[in-house]
Structure formats: structure tokens, C-alpha cells
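Just so you know, the sequences run in chain order H and V. Using the working numbering, read the first sequence as starting at 1 and increasing by one per residue. Using the working numbering, read the second sequence as starting at 1 and increasing by one per residue.
Think of the hints as simulated: they come from the structure by calculation, not from any bench. Bear in mind the structure is a predicted one, so any value in this text is a computation, not a measurement. Be aware that one or more of the hints could be misleading.
Heads up, the list lumps identical chains together, so a pair's fine if it works in one copy or across two of them.
Said to hold, decoys possible - Simulated pairs of lysine-lysine, DSS-like, Cα-Cα distance not exceeding 30 Å:
(1) Lys-170 <-> Lys-132
(2) Lys-188 <-> Lys-118
(3) Lys-297 <-> Lys-111
(4) Lys-103 <-> Lys-174
(5) Lys-174 <-> Lys-269
(6) Lys-229 <-> Lys-269
(7) Lys-297 <-> Lys-269
(8) Lys-78 <-> Lys-270
(9) Lys-373 <-> Lys-117
(10) Lys-270 <-> Lys-380
(11) Lys-115 <-> Lys-337
(12) Lys-188 <-> Lys-4
(13) Lys-210 <-> Lys-298
(14) Lys-229 <-> Lys-78
(15) Lys-210 <-> Lys-78
(16) Lys-29 <-> Lys-170
(17) Lys-297 <-> Lys-78
(18) Lys-6 <-> Lys-117
(19) Lys-115 <-> Lys-229
(20) Lys-103 <-> Lys-287
(21) Lys-337 <-> Lys-103
(22) Lys-132 <-> Lys-118
(23) Lys-103 <-> Lys-4
(24) Lys-376 <-> Lys-115
(25) Lys-270 <-> Lys-298
(26) Lys-301 <-> Lys-373
(27) Lys-298 <-> Lys-78
2 protein chains.
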Amino acid sequence: MTDKPKSITASPTREELSYRLGNVRDLMKVENLDYYVSFDPVNIYYLTNFANNVHERPFLLIIEREGIPKMVVPLLEKSHVESRAIADLEYSNYYEFPSPPGKNWYDVYPKLIDKDKKVGVESAMPLRIYEKTPGVKIVTDIIDELRIIKTDYEIGRSVHACKVINKGHKEVLKMCRPGVPEFALYQKVTGIMTSKTIQDIPNANFIVCKATAAVWPPSFSHDPHIIPKIFAEMENGGPHVSIVYAQVDGYGVEIERTFFLGEVPQEAKKPFEVMYQARELAYSLLKPGENMGEIDKKVRKFITDNGYGDYIIHRTGHGLGITGHEAPFLAEGYDRKLEPNMLISVEPGIYIPGLGGFRHSDTVLITEDGYLKLSKAPEKLDELVIEL
Amino acid sequence: MTDKPKSITASPTREELSYRLGNVRDLMKVENLDYYVSFDPVNIYYLTNFANNVHERPFLLIIEREGIPKMVVPLLEKSHVESRAIADLEYSNYYEFPSPPGKNWYDVYPKLIDKDKKVGVESAMPLRIYEKTPGVKIVTDIIDELRIIKTDYEIGRSVHACKVINKGHKEVLKMCRPGVPEFALYQKVTGIMTSKTIQDIPNANFIVCKATAAVWPPSFSHDPHIIPKIFAEMENGGPHVSIVYAQVDGYGVEIERTFFLGEVPQEAKKPFEVMYQARELAYSLLKPGENMGEIDKKVRKFITDNGYGDYIIHRTGHGLGITGHEAPFLAEGYDRKLEPNMLISVEPGIYIPGLGGFRHSDTVLITEDGYLKLSKAPEKLDELVIEL
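The shape of chain H in the complex, shown without the other chains (with noise of 0.2 Å):
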């Protein structure tokens, strides 16, 4: 795949979701499983369609060798699925949480599993669930593990968000000026980003809809994890770190850059030199067949050369899909090989305490011969210092 893919921002059709079902299907073969049963609403989303907020109302998507789910569902969202879901389901409805003996969710549910029978279960499932589960259990991330290789249709849609979040940054780096606060920017980038959203996906669904753009001013950009205060001011000089965050219907993308205001304080040079150095390094070895904890190893390794291994408090990158952060990782003790159509961040960063942080973010698809950056911002430092 050389050529950038087509954007795309209709609904999954049946045929794409039938697809994904029949994946975990083969897989629940190879694992030799009666039963797979998804409590998360992210696996949830990607076999259905339909989108929950997890509440003490569980969802439960039971899905068999063959014929159609079932879906464990509250009665009160038994319409609210049904307006949502692209795929055949039948439904089991409970009444309320708690109701009335015998008529609880865990009184449904476990009449749909063949207590002889072999059960698969998310790591992620909560215990509550687990232990009304009948049958023998085993816990396997099959759907997870799908999700690691999108499908066309799910790199058309990534390329769409990634169009969503690059017209935001471009926003952040219009209007950053020292003296602007953080509410400002967050409001406006967000804003434009929801009104793309909207006009390009009309009937989005907002429960998989997420957006957020902050910077982290030198004074605390070598924090990349502290949430910055709403009232936090853009300063002079750098290194000001960006974040913008979107998922666009169902579609998470992010892109971050290192940008300076004014002036390039000398003492930042040489980090972001290593930096942007470290990152064209970890490019250099994406490619299907390349073990990814091996490059982050290599990425570590070539910082800590550079003087800066006490100043890296985070993997090279981490998978992107439905979430924000998923497998796979670039990170160091992650035995597994780069393939085409994974979705990843690249990232390596810089910390310096008094300084600031070094860092930039793209959305990057792997290719059959290498990789194709979906999100776009300038990379470079002289393209990075905003004129005052």
C-alpha cells in the first residue's frame, strides 16, 4: 500500500462486521472454545456497532460457534441497542439492576451457557461477571487480539479522525502565544474538531466520540502525565509539548509536537535534536517483520547514548484503534513482530526537569514495505518556532 487509503466516514457495513465475527469465530476454534463471551464495550463496539457507557447495567455479548449472538441487555436499552447495532442479535432481556429475584441479569444470563461447556473470557472482565459465568472458563483476548490488524474499512476511518485531529493542530499553532491559557485553547481546538465531526458524520455517536487539545508549557513539559490546570498560561521560549486527542465516531487518533514560542532556548537544542533523531530512527525500522520491543530497545538505546537514558520515562509507542491506547506497544519486552495494517503512535520522548519535554506524536499506519504517517504537522525545529 504506497498510496495514501481513501477516507471514510459511512457505518461499518453488515458485511465488514460479519467479517470480524467470523475472525473471532476461527479463532475460538484454534482455542478450542464452545463459547467467547465480551463484556467490553470497546469488543463490544467493534462486533456490533453499538456503543455502552459501562454502568451497573452490564451488557453481555455471548457468541457461540455458529448462529447469531446473544446480547444480555437491560430493557430500558433494549431499543437504544437496536437503533445502534449493525449485526443480527438475539436479544435477552433483564429487568433492572437489582430487581426482583429471578429476574436479575445474572439470573438471565447464565441460562444462554452450557455449564459442560468451554468458556472464554476478557482479562479485562470484572470479577462480578466472571463469577456467575458457568461453564469451563478460560481467559483469552481473542477480540482484543483482532483489533491489532485493522481492516480497510477501519483505515479509512482512521484516516478520516486523523483529518479531524491534523486541522485541530493546526488551530494550536495558530493561536499558542505566550499569555494564552490552556480553557482557550482547549475550547476552541475542540470545538472546530467537534464541528468536523459532526459535518462529516452527521449521525456520529457521541459515546465514542472524544476530543482534547492541551499544550504543556516548558514549565511542566517534562511532565507529560500531570493534567494541566485550566488556568495554566502559555509562556515564552520552550519546549511547549502539544496533545491533541480525538475519537472521531468510534476512531481514536492523536498527534503531539514539540513547539517553541518566540525563541529556542539554547539549552534545547541538543534535546531536541536527539529527540527528532531518536524518532527518525524508530522510522527507519518500521516495517513488517520488525520485532517491536527490539525498537524501542534500539530507540532507548540510541538516546542513552546521546546522554539523555535518565530522561525517558515512557515506551517509543503504543497501538491505536477503537482507545487511544491499545496493543500493540513499542516497548521494550513486547516480543512481537510489526505487521501491515497495525495502527501505532511513534514517540520517543525527553524529560528534562528545569527544561521541559521533548517529544512528538504521529498516528501511523504499517505498510506491506514500510509505514505512511496518517496524522500531519510540521516535524522540524525551524518549522516549530512560532513567530511572535
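Please build the complex by placing chain V on the supplied structure of chain H, with the hints as guidance.
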């Protein structure tokens, strides 16, 4: 408590959080537990004031009978935890997910628990965490149980949160006209609520802030859990049903009303009246000592006796706290008595396909001798007909 409790916007004190921890330890003694492990981000927030978004890098809080609680934290997040936690914590960091062998969370975590001891774990704990938890494990929801009875501080925060939604709901009624689309309502009303939140609480933690405002027009208000499309429009007449929900820096509250634009269709008058009277009946039963399952049963009976039994699709109410849906429940089958300082919604509903939905909801505090509505909006039919 007859006067309305004072509104609070300040962060909790160390004493407040240490009181909550003491309560956990008291219950640990009762249940003869040596450790209690919390994974649920809501429970960790309740005890520490630190909020996290769940992802593949787990946070785990380990409480012993005495001493400083231990927290397993990804390296990347340590300063984030420190910046928000209002409690002494002993940190055990792990590198990343995944990490090289020996450096993963599941290498660090089990060492903190003596394998011969009794360990309480939450029923919401994912299997992947449960499997790595040593000791004799007992599933018990101690923190969820404690959260049912609010402290005076929590009540003060909920009083404030209700001011936010009351303001939001006032705007809903002000701007609702036939033809106004959902997205306009959503944007304006959530904007007003978010602005008030950050004005009142400049250091609000946005991980535990949410704002939602939507109206179900009569063409689908019979279906309360369908998610409205963003271009759906308000209609003539009614019943329209509003939902205004906010989590205001960690305190979730709701207000909902059935209202009409211009005119009340003749056939809507009786169901409105029955809903209104069912609600009055529920309120008349709200006092310490009343069985919560029985209240729901009586309310259902009243609605059924008045001819709408087939149109009940949910319980009379649910608890509110950090989340918008939690224990306790006004639901048949929930055998528990009301106690002072519970915070619940009261919202019996009638849903008639082809006519629409009828439901008011309020956030209500149980007091020593009855109840106090913390949310506020017009309730009577004639106050809820908006002149065009």
C-alpha cells in the same frame, strides 16, 4: 438537618480523606481482612483525591490494617499522582506496560502482599489483576459500601454541583423552541455549566468533570436510553424530556424534566398527572428506615393501578456520588433501608410509544427526618408549558 447544607467548592482536607480511610479499616476489621486492594478509579479517587483514566497501565491502591497505604503507579504518572493526591502514599513504581521481565506491574505488585494473608478485592476488579493478586482473596466491596453514606463535606460539594446543573437546566427551558437542534442546546448549556465549574473551582480536575445536556422531543421521548442524534430538533407540543447531568470536579448530580412547547396534547395530561402523583408518593416515603425496594414496589403499584403498568421500564431511582449511577437503589429487590446522608435520584417514569415519555428527576438528600431536594426546576404542569 432542616436547613440546606452549605455549598462547598474547596478540595477535601487530609482529615476528610483520612476519616474515609479509617472507615475502610474499620470494615476490614469486621471482615477480618489483612489487606484491601482497590483498582476501581472511582474508589481510588474517593480515598486519595487522585483520579485516573483506566488504561493498560494499572494503578493499584493497597491498604493494610495500619501504616501508609501503598500505591502501584506507572513511572510516567508518579508526579501526576503526587500533584493531586491529598493523602500519604508509599509509591511502588513500575516502568511501563509492557516492560522487560522483572519490571512489569505484575512483578512489583505481588511483592507488596503477604501470600498467607486475607486480601479483600473489589467485584469490579478485572480478571487480569485478580490473577496476579496473592493471598487468600475475598470479593467484597468495602469502599463502594462506604460511599453510600455521604460525609458532610461530600454533601456540601453535591450542593454546589446542583447549582451548576440548576443553572444549566434553566437555560434549557429558556432556549427550547420547536426547531432548535440538539447540538445547539448541548453546546450552549454544557458551555454554561463548564464555565461555572471553572469559575467556581479554578483547579478543577477535568478527569472527573463532565457536562451533558439533551432533550428527548416527543417523537422519541418514550425511549429514554436512545442517544439523540445531534441534528434532531425540538418539536411542537410534547412531552419533551430533558436530561441535564454534570460531574462537577468529582461530584455527579442530575436534573430532568418533562415539558411542553406551546401546548399540552390532551392525551398527555393523564400520564403527566400519574407520573407527578407517583413522584409525590415516592417523596412521601423518603425517610430513614423506609425499605428502598418497597418504595419502588409501591410506586410501581400506583402507576399500574392507574393504568400505565405496561409503560414502566425502569426503577424509581438510583444513588449518586462520584458517578452518576451507583448504589443505593430505589428498586424492587433491593432490600435496604434509607439512611440519613444517602444521595439519590427520584424519577419514576412512564413511557408510551407514539405519545412520549413522562419523567422528572431530582438529586435528593436523605435527611434525619425526611429529604431535601438539592436540584431545582419547575415541577408542575402549568410551569412546564413554555409559551411560544
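Hint check results:
1. Neither within a single protomer nor between protomers do Lys-170 and Lys-132 lie at most 30 Å apart by alpha-carbon distance, with minima of 50 Å and 44 Å respectively.
2. In this homomeric assembly, Lys-188 and Lys-118 never come within 30 Å of each other (Cα to Cα): the closest approach is 52 Å inside a single copy and 51 Å across copies.
3. For the identical chains of this complex, Lys-297 and Lys-111 are inter-copy neighbours only, at 27 Å across copies versus 49 Å inside a copy, given an alpha-carbon limit of 30 Å.
4. Taking identical chains as interchangeable, the C-alpha atoms of Lys-103 and Lys-174 are never at most 30 Å apart, the minima being 57 Å within one chain and 41 Å between chains.
5. Proximity of Lys-174 and Lys-269 under a CA criterion of 30 Å is satisfied intra-copy only: 22 Å inside one chain copy versus 55 Å between copies.
6. Proximity of Lys-229 and Lys-269 under a CA criterion of 30 Å is satisfied intra-copy only: 27 Å inside one chain copy versus 49 Å between copies.
7. Taking the closest pair of Cα atoms, Lys-297 and Lys-269 come within 30 Å of each other only inside a single copy of the chain (24 Å); across copies the shortest separation is 70 Å, beyond that limit.
8. Within a single copy, Lys-78 and Lys-270 get their C-alpha atoms only as close as 58 Å, which misses the 30 Å cut-off; across copies the closest is 26 Å, which meets it.
9. Within a single copy, Lys-373 and Lys-117 get their C-alpha atoms no closer than 45 Å, and across copies no closer than 51 Å, so neither meets the 30 Å cut-off.
10. Taking the shortest alpha-carbon separations for Lys-270 and Lys-380, only the intra-copy value of 13 Å comes in at or below 30 Å, while the best inter-copy value is 68 Å.
11. Taking the shortest Cα distances, Lys-115 and Lys-337 never come within 30 Å of each other, neither inside one copy (38 Å) nor across copies (36 Å).
12. In this homomeric assembly, Lys-188 and Lys-4 come within 30 Å of each other (Cα to Cα) only inside a single copy, at 29 Å, whereas the closest approach across copies is 38 Å.
13. With identical chains, the CA atoms of Lys-210 and Lys-298 are never at most 30 Å apart, being 34 Å at best within one copy and 41 Å at best between copies.
14. Within a single copy, Lys-229 and Lys-78 get their C-alpha atoms only as close as 40 Å, which misses the 30 Å cut-off; across copies the closest is 17 Å, which meets it.
15. When the C-alpha separation of Lys-210 and Lys-78 is checked against a cutoff of 30 Å, the pair qualifies both within a copy, at 24 Å, and between copies, at 25 Å.
16. Taking the shortest alpha-carbon separations for Lys-29 and Lys-170, neither the intra-copy value of 47 Å nor the inter-copy value of 57 Å comes in at or below 30 Å.
17. For a Cα distance limit of 30 Å, the shortest separation of Lys-297 from Lys-78 across copies, 23 Å, qualifies, whereas the shortest one inside one copy, 48 Å, does not.
18. For the identical chains of this complex, Lys-6 and Lys-117 are neighbours neither inside a copy (44 Å) nor across copies (57 Å), given an alpha-carbon limit of 30 Å.
19. For the homomeric pair Lys-115 and Lys-229, neither the shortest alpha-carbon distance inside one copy (52 Å) nor that between copies (41 Å) is at most 30 Å.
20. In this assembly of identical chains, the alpha carbons of Lys-103 and Lys-287 lie at most 30 Å apart only when taken from different copies (27 Å versus 53 Å within one copy).
21. Proximity of Lys-337 to Lys-103 under the C-alpha cut-off of 30 Å is restricted to the inter-copy arrangement: shortest distance 21 Å between copies versus 48 Å within a copy.
22. For the homomeric pair Lys-132 and Lys-118, the shortest alpha-carbon distances inside one copy (15 Å) and between copies (23 Å) are both at most 30 Å.
23. For a Cα distance limit of 30 Å, the shortest separation of Lys-103 from Lys-4 qualifies neither inside one copy, at 52 Å, nor across copies, at 39 Å.
24. Taking CA atoms no more than 30 Å apart as the test, Lys-376 paired with Lys-115 passes in neither setting, with 52 Å inside one copy and 51 Å between copies.
25. Only within a single protomer do Lys-270 and Lys-298 lie at most 30 Å apart by alpha-carbon distance; the minimum there is 19 Å, versus 73 Å between protomers.
26. Only within a single protomer do Lys-301 and Lys-373 lie at most 30 Å apart by alpha-carbon distance; the minimum there is 24 Å, versus 61 Å between protomers.
27. Taking the shortest Cα distances, Lys-298 and Lys-78 sit within 30 Å of each other only across copies (25 Å), while inside one copy they are farther apart (51 Å).
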